[in-house]
Amino acid sequence: MKAIRQFFENQRRHFEGNGPLAPLEPFYEAMERVFFGTGQVTGQAPHARDSLTVQRYMMLVIVMLLPCLFFGMYNVGLQSFKAAGHPLDFWPMMVFGAKIVLPLVIISYLFGFGWEIVFSAIRKHPISEGVFVTAMLFPLTLPPTTPWWQAALGISFGVVLGKEVFGGTGRNFLNPALTGRAFLYFAYPIQMSGDAVWTAVYNHGAQAVDAVTAATPLALATTAPASQTVEQTLAAAGYDFSTLFLGFYPDSIGASSALLCLIGAVVLMIIGVASYRIILGDIIGVLALGYVLNLFAGEGSAPYLGMNPFYHLIIGGTAFGIAFMTTDPVSAPDTHAARWIYGFFIGALTVLIRVFNPAFPEGIMLAILFMNVFAPLLDHLVIRLRIRKRIPNI
Amino acid sequence: MQKLTIKKGYRFRMAGAPADDLIVLPAPARVAVLPERVPHIKPRLLVKKGDQVQIGSPLFEDKRNPRFKFLSPGGGTIHDISFGPRRVIQAIVIDRKETPEPETRFQAVTENQLAQIERQELVDRILDGGMWWAFRELPFRDLPAPDGEPPFILISLNAKEPFQPSPAVYLKDQEQLLAYGLKALNVLAPGKVRVFADASESSVIEKAGQWLTHVVSGNYPCDDPATVLYRIKSDASQNRAWFVAGQDLLALAHLLREGRYPIRRVVAVAGSAAPDRRHCHIRLGAPLSQMVEDARLHGGERFVVGGLFRGYSSDSDGYVGFYETAVNVVPEGGEPEFLALFNPGVSRPSYSRTFLSRLNPKALVYNCNMHGDLRACIACMHCADVCPVDLLPQMIYKSILAEEVEEYLELGLLDCVECGLCSYVCPSKIELSRTFIATKAAYAKEQAVKPD
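Here the protein sequences come in this chain order: C and L.
Going left to right, the first sequence walks through residues 1 to 394 as our numbering numbers them.
Going left to right, the second sequence walks through residues 1001 to 1452 as our numbering numbers them.
Check the hints yourself; a few may be wrong.
As a list, the in silico EDC-like pairs of lysine to aspartate or glutamate whose alpha-carbon atoms are at most 16 Å apart [unchecked claim]:
| # | chain 1 | residue 1 | chain 2 | residue 2 |
| --- | --- | --- | --- | --- |
| 1 | C | K389 | L | D1235 |
| 2 | C | K124 | L | D1373 |
| 3 | C | K2 | L | E1335 |
| 4 | C | K2 | C | E32 |
| 5 | C | K2 | L | D1235 |
Hints listed in this document are in silico derivations from the structure and should not be mistaken for laboratory results.
Could you put together the complete structure from these sequences and hints?
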């Protein structure tokens, strides 16, 4: 510990005052914070302060994302090996998955953190720890087939145009990770929209991929033939409820396992990092609209209308979005009442977009971004109501 | 007796509570008054260095209203008048003369006289006796104008802020004085006196039961007059209620009944780094060194006079101000902690649920570390969850920065209790309550300017 302290003390002079690396002072500070909290003490009342810091707040989200990351590596390997007809041994699959996933994560961190340093240096602001979460969320929403350059482009777009141009963390109204994801979705729809094959190719196409799997469950659900229910169509393609819930199917890297997202969401709710109001609102929204659509399902209507609403929660990125994207406190509304409404509308819109707009198989991303824009309005309305209830004191 | 339950706020499990015994300390060689610590006033000195004073001689007055006088708690010579930056009068130090200590006498009001006395007459007696400072007016906590009759006079018998003197200790054998004081307040605002105590203080409720109008249960700062007012007011005209702290009421009653300037104070000496944690019976304006022996400290302690959340820090050679009734000695902190970010935090105090201390039933040691540094607001909403008067502190803060005066007033800035909890819980370490207090003070100043 002393050695590390000494190391930081020795390097400090390069980053301070007239040091050669002075513009990178925010970077030095961020690194120092990882190892040492501040030694700063309070100047005025209140003399004691809470032990919680923004750094820890963000770190807890990252910790809850790690299971999704590791499962993502495993699942990417599994799907590729299945497609290639290769024996399903754990470690080779994990190693293959890591080779696909880790570069995307590293690229995401390099570019995300890089832009953050650039902006912090120019603004002379401290680095905001939010970028660590953004750079972890972003690659987990990508299909494993994403080219590296697209990942770099996406995270750059997300961090710069989703956040930094508005003033950085705390001032962004869109979720930066989703902004980057949405950019890729619209800029490169062929690879990104989810109706293509999302399985990384093992041994560079030595064996045909389409021998085993076709499209993602979302794409299948839209195109289910009228003679079958969606559940039957999915089951026929190997996507039964437990497979979808556990996540052993081709999907975005981190988003496939509803179980891990559920665990993450529950832990984050218990420790108070994620708002339970948003998460429950989301789930209620999805289920409520799912049931409403069930009422309209009948002879001759699209089978998607009649899908069990719980399937909406487990296919595609809904679970991941609910657990980690909707709960981003900065882009969500602040007030508690608005958070319920926000969550409900995200859930409801997700189902609506999925069922009625075949061009967008995945609905949650657009639903979240749409509601991000409305978050300030919801807050405004709630605050107006609160003010009306207060006895004025002017 | 009404019951009030205040759900928000925060219950601290803080190590270093004072024992319930009361030690009577001898009169110190020096006492001081600290004009700097009386909010909003503009002091004009009435004495100079070397002057002879008596107990009860005026030391300074408020330029805004010269009838607000502040009297000497000791008889002897003015030893020193110390000035801070911008000529702020920090302290007027008096070298006490040993016995007999000269004392100014005032006219006493007997219980029978109190029943017939005119309001104006009583106001004049209090003003002349230099005890008007016992009254403060919400929302600014400034001295109220003597002419108007307040919508309420609120008396909080205890203070939930750690660690204030226990009412059971300072009210012991003072029940008659309390009753007398409440009668006097009833002359000032007939039928508008509201007295409340915390539900956990069963002995006080038993003793002062007939006087209590409200029993408050909840966490800090549920017993603050501003919190209670927020709950009991039914109309905007009640915003400018007055309040008197429990011990100040005893002092006021002492002045009126005995005709002598009150110099008794019970101060809680506590905090995890205090060598002796107990209640001390002191002279008003006594030096801290009398209460905390320097020799038994380890170095690296902070003296906080008046409580961790609202008090001021002081050197060990400082003094206790007019309003403060607590001295907390806590570790200064300031050591960078290795891998603090990943500490499971079994004994780290936190409002959030992100530390294992949540499951630790023991009292925790609080220090003065910031535990982080300034970051942007991430809308975690802890400040709104903890606010006892349902404010949205982050919204108010943003509108203060944007100078949207109408907006922050509308959002209820003036209801702010100044409890400091929003600053305490903020993970971004934003100085919310300090900003609110400063903004309120600036607004009060602006309001005080009379148009010609």
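Verification of the hints:
With a C-alpha separation of about 12 Å, the suggested pair K389/C and D1235/L falls inside the 16 Å cut-off, and the hint holds. About 15 Å separates the Cα atoms of K124/C and D1373/L, which keeps this hinted pair within 16 Å; it holds. Distance hint between K2/C and E1335/L is fulfilled; the C-alpha atoms sit about 13 Å from each other, no more than 16 Å. Taking the CA atoms of K2/C and E32/C, the gap is near 13 Å; set against the 16 Å cutoff, the hint holds.
Straight-line distance between C-alpha atoms of K2/C and D1235/L comes to about 61 Å, which puts the hinted pair past the 16 Å bound.
In terms of the numbered hints stated before, the structure departs from hint 5 and from no other.
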